[in-house]
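Engineer: Each chain, written out:
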Amino acid sequence: MKRIEVTTKSRDQMIDVSNAVQNAVSQLGVTFGNVTVFTPHTTCAITINENVDPGVRKDFLSHLDRAVLWSSAAYQHRGGNAAAHIKSSLVGTSVSIIVDAGQIKLGVWQAIYLCEFDGPRTREIWIG
Amino acid sequence: MKRIEVTTKSRDQMIDVSNAVQNAVSQLGVTFGNVTVFTPHTTCAITINENVDPGVRKDFLSHLDRAVLWSSAAYQHRGGNAAAHIKSSLVGTSVSIIVDAGQIKLGVWQAIYLCEFDGPRTREIWIG
Amino acid sequence: MKRIEVTTKSRDQMIDVSNAVQNAVSQLGVTFGNVTVFTPHTTCAITINENVDPGVRKDFLSHLDRAVLWSSAAYQHRGGNAAAHIKSSLVGTSVSIIVDAGQIKLGVWQAIYLCEFDGPRTREIWIG
Numbered sequence: 323m324k325r326i327e328v329t330t331k332s333r334d335q336m337i338d339v340s341n342a343v344q345n346a347v348s349q350l351g352v353t354f355g356n357v358t359v360f361t362p363h364t365t366c367a368i369t370i371n372e373n374v375d376p377g378v379r380k381d382f383l384s385h386l387d388r389a390v391l392w393s394s395a396a397y398q399h400r401g402g403n404a405a406a407h408i409k410s411s412l413v414g415t416s417v418s419i420i421v422d423a424g425q426i427k428l429g430v431w432q433a434i435y436l437c438e439f440d441g442p443r444t445r446e447i448w449i450g
Numbered sequence: 323m324k325r326i327e328v329t330t331k332s333r334d335q336m337i338d339v340s341n342a343v344q345n346a347v348s349q350l351g352v353t354f355g356n357v358t359v360f361t362p363h364t365t366c367a368i369t370i371n372e373n374v375d376p377g378v379r380k381d382f383l384s385h386l387d388r389a390v391l392w393s394s395a396a397y398q399h400r401g402g403n404a405a406a407h408i409k410s411s412l413v414g415t416s417v418s419i420i421v422d423a424g425q426i427k428l429g430v431w432q433a434i435y436l437c438e439f440d441g442p443r444t445r446e447i448w449i450g
Numbered sequence: 323m324k325r326i327e328v329t330t331k332s333r334d335q336m337i338d339v340s341n342a343v344q345n346a347v348s349q350l351g352v353t354f355g356n357v358t359v360f361t362p363h364t365t366c367a368i369t370i371n372e373n374v375d376p377g378v379r380k381d382f383l384s385h386l387d388r389a390v391l392w393s394s395a396a397y398q399h400r401g402g403n404a405a406a407h408i409k410s411s412l413v414g415t416s417v418s419i420i421v422d423a424g425q426i427k428l429g430v431w432q433a434i435y436l437c438e439f440d441g442p443r444t445r446e447i448w449i450g
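Chains as they are written, first to last, in the numbering used here: chain A, 323 to 450; chain B, 323 to 450; chain C, 323 to 450.
A couple of the hints might just be wrong.
[As the list claims (entries may be wrong)] Derived PhoX-like pairs (lysine-lysine); straight-line CA-CA distance at most 20 Å:
| # | chain 1 | residue 1 | chain 2 | residue 2 |
| --- | --- | --- | --- | --- |
| 1 | A | LYS324 | B | LYS427 |
| 2 | C | LYS427 | B | LYS324 |
| 3 | C | LYS324 | A | LYS427 |
[As the list claims (entries may be wrong)] Label-pair ranges, simulated between beta-carbon atoms:
| # | chain 1 | residue 1 | chain 2 | residue 2 | range |
| --- | --- | --- | --- | --- | --- |
| 4 | C | GLU446 | B | GLY424 | 33 to 41 Å |
| 5 | A | GLY351 | B | GLY424 | 43 to 51 Å |
| 6 | A | ARG443 | B | GLN398 | 40 to 48 Å |
| 7 | B | ASP338 | C | GLY401 | 29 to 37 Å |
| 8 | C | LEU350 | B | ASP422 | 21 to 29 Å |
| 9 | B | SER394 | C | VAL374 | 16 to 24 Å |
| 10 | B | ASP338 | C | THR353 | 29 to 37 Å |
| 11 | A | TRP392 | C | ALA395 | 18 to 26 Å |
| 12 | C | LEU350 | B | GLY402 | 38 to 46 Å |
[What the hints assert, rightly or not] Only part of the chain C face toward chain A is listed, based on derived beta-carbon distances under 7 Å:
| # | residue |
| --- | --- |
| 13 | SER393 |
| 14 | ASN403 |
| 15 | TRP431 |
Don't read these hints as lab results, they were simulated from the structure.
Every residue gets a Cβ at the ideal spot worked out from N, C-alpha and C, and that includes glycine.
The following block holds chain A by itself, in its conformation from the complex (with noise of 0.2 Å):
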């Protein structure tokens, strides 16, 4: 297992880690088969979307605050994150990726992003 950082800048966002994801496939040396990409919080997420518009990011992050109201007097959560731990689970805490030939196997569109609801923070991402 390898482990990554990254640091967010606001509450919500969207920062790419496909780099860093490969760099941690070659060091574990997995040449065929499937990683999990895995973040270890519960107020952030894991998902794959496109690599170059991002307005891509912006109505996505957008959507989520839409849906998933940032105060509500019904929050029963006290930390004042509440919001945030329901968009964890909404996207989910890992992707699964296909590795072949000691690549990671992502469309040319797309890349892998750390989803930040509750930052700045560091943040961790496992690959394993």
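Start from chain A and add chains B and C according to the hints.
Structural biologist: Just chains B and C, lined up with the frame of chain A:
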């Protein structure tokens, strides 16, 4: 592959299955790599979230219940549990977990949860 | 890694790819462990749900369409398919499936679906 059984007690519930998953991984003899934690049903799901404050689980189930109404004249499915099928695909029927030196790797605050959306029932979880 | 091609016929559609995934797993020669079923596109997704009543698929696609409006002045992405990108990350671009004695392990009522959110198109699915 190993099977776990979980009995749920209400329509919507999240049950911590982390210890049972660890036991299954130990029995399988997996020491390195990753495992899939999978539920073979279509009205429940598997997720990872915080293992301390029960408010986090209540907030997640409440969010899903507001976002996906239990009753709607628009539903085509006649089983009475259309909402549970929708929630199942929104959350997902599996998670992938890294295994290192025989241990499932979770963050300090993380647990693996079976999410029941159409209980009470007895549910299976498969690990492999 | 094996590739499957699927041709979709409408903007939103769910297509059962379970048999094609089983064939790919057989060709790969995977006998035990798990495989990743992954789509390399950013406006479709992979999910698992009920394989009997087509109403279940209609309800899921309708829910997503109500939750993520196709047209919105708020969207930043100019491709006209901002909603499809959002749905892709909400549902996820892959599922993990356990393989036991060469067989993909699904529940009796489960099928693996490609979810088209910006069709009609020809889509790839990768198994590895």
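Engineer: Decide, hint by hint, whether the structure agrees.
Structural biologist: These are the hints, each one checked on the structure:
no. : hint                             : verdict
1   : A:LYS324 to B:LYS427             : 12 Å, holds
2   : C:LYS427 to B:LYS324             : 12 Å, holds
3   : C:LYS324 to A:LYS427             : 12 Å, holds
4   : C:GLU446 to B:GLY424: 33 to 41 Å : 36 Å, holds
5   : A:GLY351 to B:GLY424: 43 to 51 Å : 19 Å, violated
6   : A:ARG443 to B:GLN398: 40 to 48 Å : 43 Å, holds
7   : B:ASP338 to C:GLY401: 29 to 37 Å : 42 Å, violated
8   : C:LEU350 to B:ASP422: 21 to 29 Å : 25 Å, holds
9   : B:SER394 to C:VAL374: 16 to 24 Å : 20 Å, holds
10  : B:ASP338 to C:THR353: 29 to 37 Å : 32 Å, holds
11  : A:TRP392 to C:ALA395: 18 to 26 Å : 22 Å, holds
12  : C:LEU350 to B:GLY402: 38 to 46 Å : 40 Å, holds
13  : SER393                           : 12 Å, violated
14  : ASN403                           : 10 Å, violated
15  : TRP431                           : 23 Å, violated
Figure legend: structure checked against the earlier numbered hints; hints not met, in rising order: 5, 7, 13, 14, 15.
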